[in-house]
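Two independent chains are provided; combine them into the complex using the hints.
The chain contents come next:
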Amino acid sequence: MEKSKILIIDDERDWADSAKMLLQDKYDVEVVEHGEEGIEKIHQNYYDLLLIDWQLMGDKTGTDVMVEIKKFNKVIPIILVSGKIDERKPLIEAIQKGATDYVEKDTELPEKLPHAIENALDKRDVVIRGFEKWLNRFEDPNQVVLRTLSGKEYSAKQILIEIKKDSEIGRRIREDIVKVVLELIQKGEVRS
Amino acid sequence: MSQKVVELEPLKFRLKGKIARLLGRESVSNAIVALSELVKNSYDADASEITVAFNNVKTENGEIHINDDGTGMSYEDFKERWMVVGTDYKEKKRITPSGRRMIGEKGIGRFAVERLARKVTIISSVKGEKSKLRVIIDWDRYETEESYFDMVENKVFLEPKEDVNHHGFELILSGLRDIWDEGALLNFKRQMSMLVPPEVLEKKDFSISVQTPEFPKLSGEIENTVFGEAFYTLTAMLESTGKVNYQMVDKKGVTTKEVAVTERTRCGPLKFTLYFYPRGFSKDERIHYKLLTLNEVRAILDNFHGIRIYRDGFRVKPYGDPKNDWLNLNMKRLYAPKYLYPDNSQVIGIVEISRDKNLGLIDTTTREGLIQNEPFKDLVDFLEKSIEFLSKRRREDRKEEQPPKTVIRTQVDRIITEIKSTNLPLPRKTRAIKELEGVEDAALGLIMVYRNLASLGITVLAVSHEITNPMGTILNYSEAILKMIKTGNYDIKQFEEAANNIRSNILRVSEFIDFVVAYNRRKRRKKLKGDLYEILNDVMKGYGAIFKKRDITVELKMDKELKEVFLYRGDFESILINFITNSLEALSFTKGKRILRVSLFSDKESVHVIFSDNGKGIPPENREIIFEPFFTTKEDGTGLGLKIVKEIVEEYGGVVKVIESELDSGASFEVNIPKSSLM
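These protein sequence lines map, in sequence, to chains B and P. Start counting the first sequence at 0; every next residue gets the next number (numbering that gives the first Met the number 0). Start counting the second sequence at 0; every next residue gets the next number (numbering that gives the first Met the number 0).
It is possible that part of the hints are untrue.
Restricting the straight-line Cα-Cα distance to at most 30 Å, the calculated cross-link-like pairs of lysine-lysine (BS3-like) are [said to hold, decoys possible]:
1. B:Lys19 x P:Lys482
2. B:Lys25 x P:Lys492
3. P:Lys482 x B:Lys4
4. P:Lys492 x B:Lys4
5. P:Lys590 x B:Lys96
6. P:Lys492 x B:Lys40
7. P:Lys482 x B:Lys25
8. B:Lys88 x P:Lys548
9. P:Lys485 x B:Lys4
10. B:Lys111 x P:Lys548
11. B:Lys40 x P:Lys590
12. B:Lys59 x P:Lys592
13. B:Lys122 x P:Lys482
14. B:Lys83 x P:Lys540
15. B:Lys83 x P:Lys592
16. P:Lys548 x B:Lys59
17. P:Lys590 x B:Lys70
18. P:Lys615 x B:Lys59
19. P:Lys398 x P:Lys289
20. P:Lys547 x B:Lys83
21. P:Lys590 x B:Lys88
22. B:Lys83 x P:Lys482
23. P:Lys485 x B:Lys2
24. B:Lys88 x P:Lys615
25. B:Lys70 x B:Lys4
26. B:Lys83 x P:Lys642
27. B:Lys122 x P:Lys485
28. B:Lys83 x P:Lys615
29. B:Lys69 x P:Lys590
30. B:Lys40 x P:Lys548
31. B:Lys2 x P:Lys492
Since the hints were derived computationally from the structure, they do not count as laboratory data. All of these numbers come straight from a predicted model, not from anything done at the bench.
Just chain P, same shape as in the assembly (with noise of 0.2 Å):
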């Protein structure tokens, strides 16, 4: 029996409409989200105005309006792209007609619709069509259980329009899935400011505009605050003269002004601003914006970093456009590191040129920039000055807070840039040099081992009395048991006296020794999890006999949630050690009650430690010196602890000060040490 093979109906898959709410609702995380997500989308038409309007959303019968004067969309476009799910024109193309890095997500702005609303109008209108597209998107009908994706079908118009060079599009949202409060707001604005480019030309590329009659307050356009987060901003002019102006505001707000002459003019007088930010952790610049994230600071730079150039107003590209560093600043810092020269990522420029000042820099004909005649080598030159300049002044500021560097990273130093000055082939000198980074990071192993020994070696002379002393008095008493047996001539009582107190001088040594041993233990080239709480409980611990021996009081104030912290377990006791030998020494001055503080809390930044005693105090003209090494007043001192101190602070990049004394006299060290440095 056989049967024939028949070929059925090929199967398909298929989409139900419901699909959209999967793409739209639950795809996109918050209304926030989508509707920057539209903004964004503006943005990539190459808009220069946009508003987002919000009419009655804190209702349900809110609506949002966003109009921008973008490329717009034809008929041919919102079919064969808006339409068609998946299409990646965005991938492909990640640079806008005029020049914009695109920052949209690819194929999200459709679907943010969905999230927002139930229903979306969209206008669309492109330059030179004598009519717009009008187009209605219900999505509650995508909703129904008999629709499928593809078969829903949404309505276009066309309709006439009055000026057939108008170009943009309008987006209508209605029927909103979310009630926008102010906090929503300004949750919104925040995002959209690193959009917009920070304000300081006459003529802008792109800006944003909110309006909502329900909170006068939040209308307006949004700015971009990033000029005063620089944490250097300088200001250039040269004149026709020669002379140059440099003016420099810091962080801190400080102005420095120095001038400087040049013979190389043919550029004509120009102002050049420089605006310089830190984009991530470094050892000595600590990271702190006023007003925004150094997340958002990165999210700005990343849109807007590069040196511009403005001819009246206007941007002469492609300087400054993405990834234009025509000034070769990436170049510079990757090739001569310690100058400290910014980078491409790292700074805003705007320099300021006008058609009737400047007659030396002339478009090319293709008008892709400048001629590089001489005018504008004069010009490139005025700027690389200006920018060593601001160079110049980082690498003091960094001299500053950074203590000099150490004797092997000099020399290493000094290698490096020998083996640069070779002819060796470039992977070998890569190679070497990553080996002599290791030297510098076995040494300084080794150094922190010594240095963590050092503090134990003082603090045991220190308290050597503590030790040695009951050992004498075993001694004597084992003496005194031995002699008392050979002549025969002795009382029970004796014995028992002798063997109590052999006992309780056993008892006084034995917590220090086992704190002693437990340190020397330590796995020191390893940075653990530890607890400040605990650690600062197991050294008080070690001292507790030499405390009761010296009559100290101890006082412990703690913040009993600072847990989580990873450090060299070795390098915190070393702290710790140090403070106290030298309170123990001073504290030895003092008659009636003795006091030793230790003070352990953090706040958002930082941890602090304040160790205060009330012992014979430190005078202030010590108390810059007393960190130096072999600086001391002690008659056995080494002058090393506080100076083992300085150095393990400053590798946490923190700092450690003599301040007011907290008891009524004595002395009271801080040490701060920023929480980012001990994760």
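Chain B on its own, in the form it takes in the complex (with noise of 0.2 Å):
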């Protein structure tokens, strides 16, 4: 099974690079300081998981990437990471917003991080999940499964690429699928 791809954007470049090191064990970590740059980065590459700053310095602040990131993906888990903070009424807003989780910074950061992560990665999109489980029972995930009536051709890893970027193809398919799966429900074929 492949590692899950997690990007980090944290202008405290010690920390980030600390957190990469403790988690690279398990999953695939990238590190950028700005915000911007991380949107970049996630318009291009797929991630299954975001790790913001919640307190980014410079212009955009945590929660400012984070609504601007759900405007184009809205089903990539965001975790936001804070310092130790008095106050957890802006961070609650922020899970309003669409965050999945915070985790502070503090003492217990080591244990709760791959947790939040865990659990993070559990509550994606049923779709998902589910099709990562049937990705993992193919010989060759990179096998086309799909041909669009233009032509494109898609391996069941690239669907399910499109649909955690949320891009427009996998926001199609993934659809179709639930309308498949729906159809099956009510037949009785398969059990909700």
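Take a look at the structure:
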């Protein structure tokens, strides 16, 4: 099974690097320091999860970056990471705006962060999780399983990426899958 | 074998003539002091006009003539007093017949003469005598090997005089030992100006004129400029209708006028002018005289303080004589210090009355002052009200200059007032009050400690990320290493990377932590000899890693001569810490180059610290309010930082304010602390 891909957006470079080392045994971790750079990366590549520093300095706060990402990718789980704070209200607001979770950078972080990541990945869209399981059954995940009318070909793995990127095609496939699954449930061929 | 005891001629000390040199040139420090002493002797002889003429004093053949209209000396006076070394008549009798307080040094005059010249001729004339005396002293004759001090004979002549009533003393000093240049003459005039009463009335008690053909500019009557130096000049005019016009000119030259009405007009119309001078360092009135030094003003006040009455230009004695505090000013001031009544020695007051208009003010039969009748009581009432007018203004000004009293002070004052109103015996009251004053001191000491610690708390909050983030980083690396060891899945290079990063992160916080620890260990209750330059450097070093992390360029401009100041180190550190904390926040909004600039320099009077950053700046409407407690624009600000700065600065008698930004944008603060409070 491939490692999940995580992008850390945190201007505290030292900390981000240390978190990368902490998580590297289970995850494929990349680090960027600025919000814009992170958004650019998410457009280009796909990630299973984002760790965003809530107190990003500069033009955009962590919440701003999150909101912007949510505009073009509604499915990607985002964990906000914050320094120690007294007032949790703004963080709770951030969760209402779409963050999956938040973790404080305290002494328990090395323990809490891997759990938070696992939980966030588990909480993901049922379709993605189902798709991931399904993909694991393929002997060759790169085998083409879909050809569009315009002639574009997708392997199961590529379909999963498109869904995770929440792209146009990914969204349409997901809708179709949901439709098919609902039909199957109605016919009693699949239990919900 | 026995010998008889024989008594020989007894042994006596004898003085060689050269002793004159010892008493003169070697004991009177300089020529100006010596000449001043001679003028003072004229003053002590009740002279009203003195002329000092300098002739050819730029050359070796110079002469100085001192001429006065004092009482003069008789042959007996010369023989029994002037010529006897060690006479102490001045010591016993420090007030002259006309009521002057004597100002000359005891018995110095005659040797001042030796100090100034090789030869002196004294012409002395006593009122009522038909002839005058001429005494000639040639000090060179005391210098010869064989001369004994009491063997040298000085010639005396009795000469006829034109006017029997003439009196006075004339000294002709020739063979001057010094060259008198412009500087020396100016210095002499300055010394003398303190003896002369300030000019205000037509009739003066005393004047000194200088005649010097070589320096025409310096010739003329010596003036006392002390009236121009008054902190407050009050003119109060009482009209016969009962209308009172007050006019007050303060030290800045600002004039204010006020009109009042009184029913107590039986004394008749009169004018009262009151000049007020602080005499020394007080916390709230910074003493800056314009032309004179504080010591000179003090010397003048010693001679001329008090409230005098002049009737048609003539002094009415004893009002305003030395130590004649007829309005009980000293008592009032002592009894009610918070009303800021002037002390008798802090004022020169002039009451102008006339024989025609103030008919109710009558001399006593002994001519010792005025009869204490109803008109006199009205006069006293008018003067007291005028003095209260001045005191009120002083209180208002002080209120403006001073921050409001501390809560503790207010309470202490309240209790002191209550103690004063009890029937306890005076010593017990005094003791109780003294102890209460101690309470305030102790409380202020505590406040100081809290304030310093609060500054630290505020800054730690502001830089908490710089402390906690490295901790988190270190923890992550150590967890990662443990995990790698547990799983056995590692690369030695990663260990190296982790260890290096752990070290660099520890170094990042240690500088600040070291600074914090040192700051907390400081002995707070002791004023230390400090070096502002060093303290500033230490504080900046403590924040070094934080500045670096936040990309802040620090510029220090320092005057390296600010070494010998005495202060509570924690106070100066608190000021710096709070400014730094503010700037760190303000600079977080700056995109380009972040600059923090501290300039530390001094001038004659004050130490200045200018603290600037190119952060988000302070909107003009907030420039005053930012010093108020709990005012903050920061999300997690306490609103105490600048309040603490203000409190500390004001405790040192200084000022802190927002000034025009020194950099293109951002905020600049300036702190000025008078040097006198750093000593």
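Hint by hint, here is what the structure shows:
| no. | hint | verdict |
| --- | --- | --- |
| 1 | B:Lys19 x P:Lys482 | holds, 13 Å |
| 2 | B:Lys25 x P:Lys492 | holds, 19 Å |
| 3 | P:Lys482 x B:Lys4 | holds, 20 Å |
| 4 | P:Lys492 x B:Lys4 | holds, 23 Å |
| 5 | P:Lys590 x B:Lys96 | holds, 28 Å |
| 6 | P:Lys492 x B:Lys40 | holds, 28 Å |
| 7 | P:Lys482 x B:Lys25 | holds, 11 Å |
| 8 | B:Lys88 x P:Lys548 | holds, 28 Å |
| 9 | P:Lys485 x B:Lys4 | holds, 23 Å |
| 10 | B:Lys111 x P:Lys548 | holds, 27 Å |
| 11 | B:Lys40 x P:Lys590 | holds, 23 Å |
| 12 | B:Lys59 x P:Lys592 | holds, 19 Å |
| 13 | B:Lys122 x P:Lys482 | holds, 26 Å |
| 14 | B:Lys83 x P:Lys540 | holds, 26 Å |
| 15 | B:Lys83 x P:Lys592 | holds, 28 Å |
| 16 | P:Lys548 x B:Lys59 | holds, 19 Å |
| 17 | P:Lys590 x B:Lys70 | holds, 27 Å |
| 18 | P:Lys615 x B:Lys59 | holds, 17 Å |
| 19 | P:Lys398 x P:Lys289 | holds, 24 Å |
| 20 | P:Lys547 x B:Lys83 | holds, 22 Å |
| 21 | P:Lys590 x B:Lys88 | holds, 28 Å |
| 22 | B:Lys83 x P:Lys482 | holds, 25 Å |
| 23 | P:Lys485 x B:Lys2 | holds, 20 Å |
| 24 | B:Lys88 x P:Lys615 | holds, 26 Å |
| 25 | B:Lys70 x B:Lys4 | holds, 20 Å |
| 26 | B:Lys83 x P:Lys642 | holds, 27 Å |
| 27 | B:Lys122 x P:Lys485 | holds, 29 Å |
| 28 | B:Lys83 x P:Lys615 | holds, 25 Å |
| 29 | B:Lys69 x P:Lys590 | holds, 27 Å |
| 30 | B:Lys40 x P:Lys548 | holds, 26 Å |
| 31 | B:Lys2 x P:Lys492 | holds, 22 Å |
Violated hints are absent here; each numbered hint is respected by the structure.
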